[in-house]
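Respectively, the protein sequence lines represent chains X and U.
Numbering-wise (the numbering used here), the first sequence opens with residue 1 and increments by one.
Numbering-wise (the numbering used here), the second sequence opens with residue 241 and increments by one.
Quick caveat, the hints were computed from the structure, so don't treat them as lab data.
Only a predicted model underlies this, so the values are computations on that prediction, with no experimental measurement involved.
Every residue, glycine too, gets a C-beta built ideally from N, C-alpha and C.
Keep in mind that the hints are not guaranteed to be accurate.
As the list claims (entries may be wrong) - Which chain X residues stay away from chain U? Per the calculated CB distances, all over 10 Å, these:
1) V10
2) L11
3) L27
4) A71
5) I105
6) E120
7) V148
8) P150
9) R164
10) L167
What the hints assert, rightly or not - Label-pair restraints from in silico Cβ distances:
11) U:M542 - X:T48: 43 to 51 Å
12) X:L18 - U:W443: 29 to 37 Å
13) U:S488 - X:K68: 27 to 35 Å
14) U:I375 - X:A108: 40 to 48 Å
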Amino acid sequence: MSASTLHPPVLKHHFDNLHQQHASERLGMWMFLATEVMFFAGLFAAYTVYRMWYPDDFEFAGSLLLWKIAAINTFLLITSSLTMTLAIRCAQYGDRKGLIRNLLITAALGTAFMGFKTYEYLTDFEEKLLPTQAFYESHAAHDLETKVNPERARLGLEAISSERVRLFLCFYYVMTGIHSIHLVVGIGCVLWLAWEAWRGTIPPDNYSTVDVVSLYWHLVDAIWLFLMPLLYLAGAGMGH
Amino acid sequence: MSIAIREFRSAPPPPEPVTPQVNYLNNGYSLWSWLFTVDHKRIGILYLLSITVFFTLGGAAAGLVRINLVSPTGAILTEDQYNRMFTAHGVMMLFFFLIPAVPGVLGNFFVPMMIGAKDMAFPKLNLASWYVFMIGAGFAAYAVLVGGIDTGWTLYPPYSSRYSHTNVIPGVLGVFISGFSSIMTGLNILVTIHKMRCPGMTWGRLPLFIWSMYATSLIQLLATPVVAVTLVLLMVERLAGVGIFDPSIGGDPVLFQHMFWFYSHPAVYIMILPGMGVASEILTCFSRKNIFGYKAVAWSSMGIAVVGFLLWAHHMFVAGISYYSALMFSFLSMLVAVPSAIKVFNWTSTLYRGSITFQAPMLFSLAFVVLFTIGGLTGLFLATLGTDIHLHDTYFVVAHFHFVMVGGMVLAYMAGIHFWWPKMTGRMYSDWWSRIAASIIFVGFFLTFVPQFVLGYNGMPRRYPNYPQAFQVYNVLSTAGASILGLGYLLPAIYLPLSLFFGDKATANPWSATGLEWQTSSPPLVFNFETLPVVVCGPYEYAIGVDQLGRGLPEPPGPGGSGLGGHEGVTGPAGPMNKETHVVG
Chain X
1 MSASTLHPPV LKHHFDNLHQ QHASERLGMW MFLATEVMFF AGLFAAYTVY RMWYPDDFEF
61 AGSLLLWKIA AINTFLLITS SLTMTLAIRC AQYGDRKGLI RNLLITAALG TAFMGFKTYE
121 YLTDFEEKLL PTQAFYESHA AHDLETKVNP ERARLGLEAI SSERVRLFLC FYYVMTGIHS
181 IHLVVGIGCV LWLAWEAWRG TIPPDNYSTV DVVSLYWHLV DAIWLFLMPL LYLAGAGMGH
Chain U
241 MSIAIREFRS APPPPEPVTP QVNYLNNGYS LWSWLFTVDH KRIGILYLLS ITVFFTLGGA
301 AAGLVRINLV SPTGAILTED QYNRMFTAHG VMMLFFFLIP AVPGVLGNFF VPMMIGAKDM
361 AFPKLNLASW YVFMIGAGFA AYAVLVGGID TGWTLYPPYS SRYSHTNVIP GVLGVFISGF
421 SSIMTGLNIL VTIHKMRCPG MTWGRLPLFI WSMYATSLIQ LLATPVVAVT LVLLMVERLA
481 GVGIFDPSIG GDPVLFQHMF WFYSHPAVYI MILPGMGVAS EILTCFSRKN IFGYKAVAWS
541 SMGIAVVGFL LWAHHMFVAG ISYYSALMFS FLSMLVAVPS AIKVFNWTST LYRGSITFQA
601 PMLFSLAFVV LFTIGGLTGL FLATLGTDIH LHDTYFVVAH FHFVMVGGMV LAYMAGIHFW
661 WPKMTGRMYS DWWSRIAASI IFVGFFLTFV PQFVLGYNGM PRRYPNYPQA FQVYNVLSTA
721 GASILGLGYL LPAIYLPLSL FFGDKATANP WSATGLEWQT SSPPLVFNFE TLPVVVCGPY
781 EYAIGVDQLG RGLPEPPGPG GSGLGGHEGV TGPAGPMNKE THVVG
């Protein structure tokens, strides 16, 4: 994504025409998305393996997470994808104000997501929902020993191991952490676009720059749509 | 279609292009003009210089390992030092030489030229890839210099995540970062091939080097991110003391092996496929014949890329994977021999009845074919479940992958550098010395690694600093071979730079080759071509002696290599083969 920082004319020297330039930029971003998908696929595959091995432990661990915050965050991200798409339309029609407005709303929604996420992390830290030894001092670990496992023993079910809850929490932090890094990069790109639009360097001819950033934004959004059920809704059956 | 050729020449050779005032080399001499260039050719040169340094470092580490193995108890290194040395050798050679070698140097330089483009699709990204590579290399070099890593290049946990007291984090970070450079290069080349081809350069007229780079780029794009995330997980585990490969919380270290090899096996094809592309270019040029089975060679590159993704677990036959999965992976590993063999058969058929001359690029390419074939066939021993139990983690494996990686890839890289050196620098190197170097490298290589097959078959494990007395003779032979090999590598390091000052000026097309990159001056202009090239025929019309622009070819260098006249005006193959030829595209 070597998006243009040049002044108009937007055609770069090594391309024959704008069509070729835009097609290259789009293909480049799609290929990068393929890379990103494989990056997360490694995580999803590892998660799947352990989820198959330890279904009950993962279910219990999932029920410890704050699904309400995740639900709000899902709503925020989906809305941001809408405004991102509206930004492309504005760019295509040369509506500079609309473009800047939509980009800023997108960035704001992304930032709100990060705000909620930070709050959630802080709550998790306070409750000692950590993959380290500290987990054994948490309420959750205490509940596990005093309520959940005795109850499961009474029903003839296998006990839930707090080690495997810690394994789940490893996934939780790594997956949401990497996703958050991607989102922060995305917010940066959107703000940069807004700056470029304000400078007037995104004429309708060059709307593919917005298009390309939006592809990335949607991918980050889409990955969240997989993370949300895998992590937060894994424990929906536990009711907590 | 088949066309009958009655005359040897169908068109006169083009006039030698006027040497331009400004080419990519003399367009600015400041350090600035190199470090901030977005010219794909200069970036190729930057890669060339940096990977030469890493090759030297990795080679020095290998030299120390080999010297140490002269004695059954270790000649010069302590056991700790030995561990660090072979890890340094592996990390340097794999991640900082083999993977960027052809894509970074020859791919950057020649992909745009061969398809008639002015530059890569994303020139700034291209420059960024070199910087990212250097940052990664910086971390890895730091890790090696401040005490080394002793995990082996495979970095298996829990040793790497918990027990090793060496610089795992900076080393892993270096590999992780340089992976992004590999992705950037792959992405750039892929988009360039898709979108930047000049008029008439259809998919069926792409040179085979481009096809192999396309397949390589696909692997770089789709496999590298998986190792990236795996290394992130490894670093997290080492830093936080807890992670998903940690058996104490139910994690599985074998999962790391799966995820690691999901990249690192296809990475083997990142290393070898570009070499195959280089060999395809050179073998057809120096036998003055159209490539045999263009489509088969092109598609087998794609076949290797696809099948290469499906056989990672053959590295884990003794790691406790299930019997049935081992069976599947064994079968799939054998399957990848099919496209590889297709290539070898097609190269051999290309040579058949060709007017072969033995300049250095051809010598290197022929050595490549021989060594790659041996390396490939011994791979089948290892793909077979039963024999692998015996041969796993022995010197047999070491010899096998060195035949493929060094005998295959390094020799193909040398072939490519020798083939394109006149184009890159505008100078001819010493013909005699280059032939000597190619011969010495071939002999030295054989002597180094054939004894290792014997060692491995007799049970000497890899990565051990000590061994029983009975193995000493083979180890000494191998070290002697390595010394010869080292001498062979030293020669190009002398005569290639000397050629810059004392070499004859190269003509535009010194090998009388058909590709687009030879149809512009040597060294090329800043934007490669004076005018937009228009391709009218396939990439290897040696039989009718026509380049891709439809013009005739200049006289090829004679068998003596000194000057002209070896072929007496015949650019196609001698004998009845010239009557019928298959025109591609």
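Hints, verified against the model:
With a closest Cβ-Cβ approach of about 15 Å to chain U, V10 of chain X is found to remain outside the 10 Å limit, as its non-interface label requires. Separation of L11 of chain X from chain U is adequate, the least Cβ-Cβ distance of about 12 Å exceeding the 10 Å criterion. Against the 10 Å criterion, L27 of chain X falls within the reach of chain U, whose nearest CB is about 5 Å from its own CB. Every C-beta of chain U lies more than 10 Å from that of A71 of chain X, the closest at about 26 Å, which supports listing it as non-interface.
Distance check on I105 of chain X: its Cβ is at least 29 Å (rounded) from any Cβ of chain U, clearing the 10 Å threshold; non-interface status holds. No Cβ of chain U comes within 10 Å of the Cβ of E120 of chain X; the nearest lies about 19 Å off, and the non-interface call holds. At roughly 17 Å from the closest C-beta of chain U, the C-beta of V148 of chain X stays outside 10 Å, upholding its exclusion from the interface. With a least beta-carbon separation of about 22 Å from chain U, P150 of chain X lies farther than 10 Å from that chain, consistent with its non-interface assignment.
The non-interface label for R164 of chain X is inconsistent with chain U: the shortest C-beta to C-beta separation is roughly 5 Å, within 10 Å. For L167 of chain X, the non-interface assignment is contradicted: its Cβ lies about 5 Å from the closest Cβ of chain U, within the 10 Å cut-off. Take M542 of chain U and T48 of chain X: their Cβ atoms lie about 29 Å apart, and the range 43 to 51 Å is violated. Restraint check, L18 of chain X to W443 of chain U: a C-beta distance of roughly 24 Å breaks the suggested window 29 to 37 Å.
For S488 of chain U paired with K68 of chain X, a C-beta distance near 33 Å keeps the hint of 27 to 35 Å intact. The hint said 40 to 48 Å for the Cβ distance between I375 of chain U and A108 of chain X, and at roughly 33 Å that hint is violated.
Consistency note: the structure conflicts with the earlier hints numbered 3, 9, 10, 11, 12, 14.
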